[in-house]
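Undergrad: Please work from the sequences and hints to get the whole structure.
Residues per chain are reported as follows:
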Amino acid sequence: MALPATDDFNRANANPAGGNWSACTSGGNVKILSNRLSGAGSSDFVAYWNADTPNNDQYAKCLVPLSASYDGGPGVRVNYNNIHNGYFYNVGFGSISKITNGSWSVVLWGTTGTYSATSVYKLQAVGNALTTFQDSTQTGTSTDSSFPSGNLGIGGYATDIIIDDWEGGNVGGAASSILMPKHTYFSNLMSL
Amino acid sequence: MTVRIYIMPIVETPANGLIYRGPKYIGIYAHGMQITTAETGLEELGPGMMDYGFQKVCMYIADVTPAQHSILSSKADVLSAPVNIDNNLTSGAVNTVKDFLELINIPAGWVTTFKTYRQVLRLIGWLFQFMQRLHAIYPHKLFDGQATLNTTYGQLTSEWQAALLQCGQSFGFDTSGLTSNTTLRTILKFMADKFNDQPLNCGLITL
Numbered sequence: 069m070a071l072p073a074t075d076d077f078n079r080a081n082a083n084p085a086g087g088n089w090s091a092c093t094s095g096g097n098v099k100i101l102s103n104r105l106s107g108a109g110s111s112d113f114v115a116y117w118n119a120d121t122p123n124n125d126q127y128a129k130c131l132v133p134l135s136a137s138y139d140g141g142p143g144v145r146v147n148y149n150n151i152h153n154g155y156f157y158n159v160g161f162g163s164i165s166k167i168t169n170g171s172w173s174v175v176l177w178g179t180t181g182t183y184s185a186t187s188v189y190k191l192q193a194v195g196n197a198l199t200t201f202q203d204s205t206q207t208g209t210s211t212d213s214s215f216p217s218g219n220l221g222i223g224g225y226a227t228d229i230i231i232d233d234w235e236g237g238n239v240g241g242a243a244s245s246i247l248m249p250k251h252t253y254f255s256n257l258m259s260l
Numbered sequence: 488m489t490v491r492i493y494i495m496p497i498v499e500t501p502a503n504g505l506i507y508r509g510p511k512y513i514g515i516y517a518h519g520m521q522i523t524t525a526e527t528g529l530e531e532l533g534p535g536m537m538d539y540g541f542q543k544v545c546m547y548i549a550d551v552t553p554a555q556h557s558i559l560s561s562k563a564d565v566l567s568a569p570v571n572i573d574n575n576l577t578s579g580a581v582n583t584v585k586d587f588l589e590l591i592n593i594p595a596g597w598v599t600t601f602k603t604y605r606q607v608l609r610l611i612g613w614l615f616q617f618m619q620r621l622h623a624i625y626p627h628k629l630f631d632g633q634a635t636l637n638t639t640y641g642q643l644t645s646e647w648q649a650a651l652l653q654c655g656q657s658f659g660f661d662t663s664g665l666t667s668n669t670t671l672r673t674i675l676k677f678m679a680d681k682f683n684d685q686p687l688n689c690g691l692i693t694l
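Taken in sequence, the protein lines are chains A and X.
Using the numbering used here, you'd call the opening residue of the first sequence number 69 and step up by one each time.
Using the numbering used here, you'd call the opening residue of the second sequence number 488 and step up by one each time.
Take the hints with a grain of salt, since some may be wrong.
What the hints assert, rightly or not - For each label pair, taking beta carbons as the anchor points, the in silico distance ranges come out as:
1. X:527 to A:240: 43 to 49 Å
2. A:84 to X:645: 36 to 42 Å
3. X:631 to A:203: 42 to 48 Å
4. X:669 to A:204: 46 to 52 Å
5. A:119 to X:627: 51 to 57 Å
6. A:86 to X:684: 46 to 52 Å
7. A:87 to X:569: 52 to 58 Å
8. A:204 to X:528: 16 to 22 Å
9. A:87 to X:670: 46 to 52 Å
10. A:88 to X:644: 37 to 43 Å
11. X:575 to A:119: 53 to 59 Å
12. A:240 to X:670: 40 to 46 Å
13. A:110 to X:490: 34 to 40 Å
None of these hints come from the bench; they were simulated from the model.
The beta-carbon is built from N, C-alpha and C at its ideal position, and this holds for glycine as well.
TA: Next comes the structure, spelled out in structure tokens:
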């Protein structure tokens, strides 16, 4: 499949989610529930999109329409060198967390912005810089060098976090959400 | 409120099948649960930190009140940087800083009165970045009670030797100068220097 990858989770309930989603085995599983993605157990989960291998500079973004008071959100560089590694955006807490071989810690605390169920939350990794966005507004940035590469994914805790309309891709690659209508494309060409 | 920088211990608390790591004295609240309790007066501070890989040491940067700073700076196992980190270290501070860093396995022979606090913290920060990658490659503590800064490359296990090489090379560093007699003190300082004194974005502040 080509990046950016997208998943709206609009399909029948499934536990585990299966398909293009693989849960890291030392964390909990993920499931499809009511056309959204959720944790399936009572522990932390990190899951990754198994259909594509992204570049090292990558992003993941999604809606987090429920449970803002809990933690979880889009994940990047999941599964680097170890089944339970990765960074994820704790949307409810306003932080970037990392799990390193089963050890959880906070890389950045206090991302800005006010939670909205309709906002798109994005975590981006470029070099050793991790940056969070709410819609198009940067909400935080810091440095961590643990994982130079890995898979696109999500992370969270148990069933606290519900994710919808996920997208993951390469930084600098085309974003599926900003496709231009054909007539705009051709009119731009004409003006060159 | 003032943004301040501390070098301080990490506490590790098992829960939910994970090891939760956070700055000592600062509470960890995750998943709607209080994993560790904050020292009285520090409840409002968050657990974000730059860890020294799996070593139980971190750089903690927070926007603190005078009262919060007073609590943190009174701890014997916390090293506080001054507000103005662009001043040079005094000779007294050099001794304090060197003793403190060496005790927690951070090579510090290079700290002199010719350095500003920013320069010292920046190099420590890059050393932490190196150690983060090293421990993601080989997930054990390098300084586990047996190895010290004076341990040589040749005395390390083959797994650690391979991890050090892989880690350095993953950053694009030339590791050909490493010999069996090179100490960890030299290797770690060498690796941190290879980051070329680049500014280091630490969230609330750039070193």
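Undergrad: Now look at each hint and say whether the structure bears it out.
TA: A quick look at each hint next to the structure:
no.: 1; hint: X:527 to A:240: 43 to 49 Å; verdict: holds (48 Å)
no.: 2; hint: A:84 to X:645: 36 to 42 Å; verdict: holds (38 Å)
no.: 3; hint: X:631 to A:203: 42 to 48 Å; verdict: holds (45 Å)
no.: 4; hint: X:669 to A:204: 46 to 52 Å; verdict: holds (48 Å)
no.: 5; hint: A:119 to X:627: 51 to 57 Å; verdict: violated (33 Å)
no.: 6; hint: A:86 to X:684: 46 to 52 Å; verdict: holds (48 Å)
no.: 7; hint: A:87 to X:569: 52 to 58 Å; verdict: holds (54 Å)
no.: 8; hint: A:204 to X:528: 16 to 22 Å; verdict: violated (38 Å)
no.: 9; hint: A:87 to X:670: 46 to 52 Å; verdict: holds (51 Å)
no.: 10; hint: A:88 to X:644: 37 to 43 Å; verdict: holds (38 Å)
no.: 11; hint: X:575 to A:119: 53 to 59 Å; verdict: holds (54 Å)
no.: 12; hint: A:240 to X:670: 40 to 46 Å; verdict: holds (41 Å)
no.: 13; hint: A:110 to X:490: 34 to 40 Å; verdict: holds (38 Å)
The structure shown violates the earlier hints numbered 5, 8.
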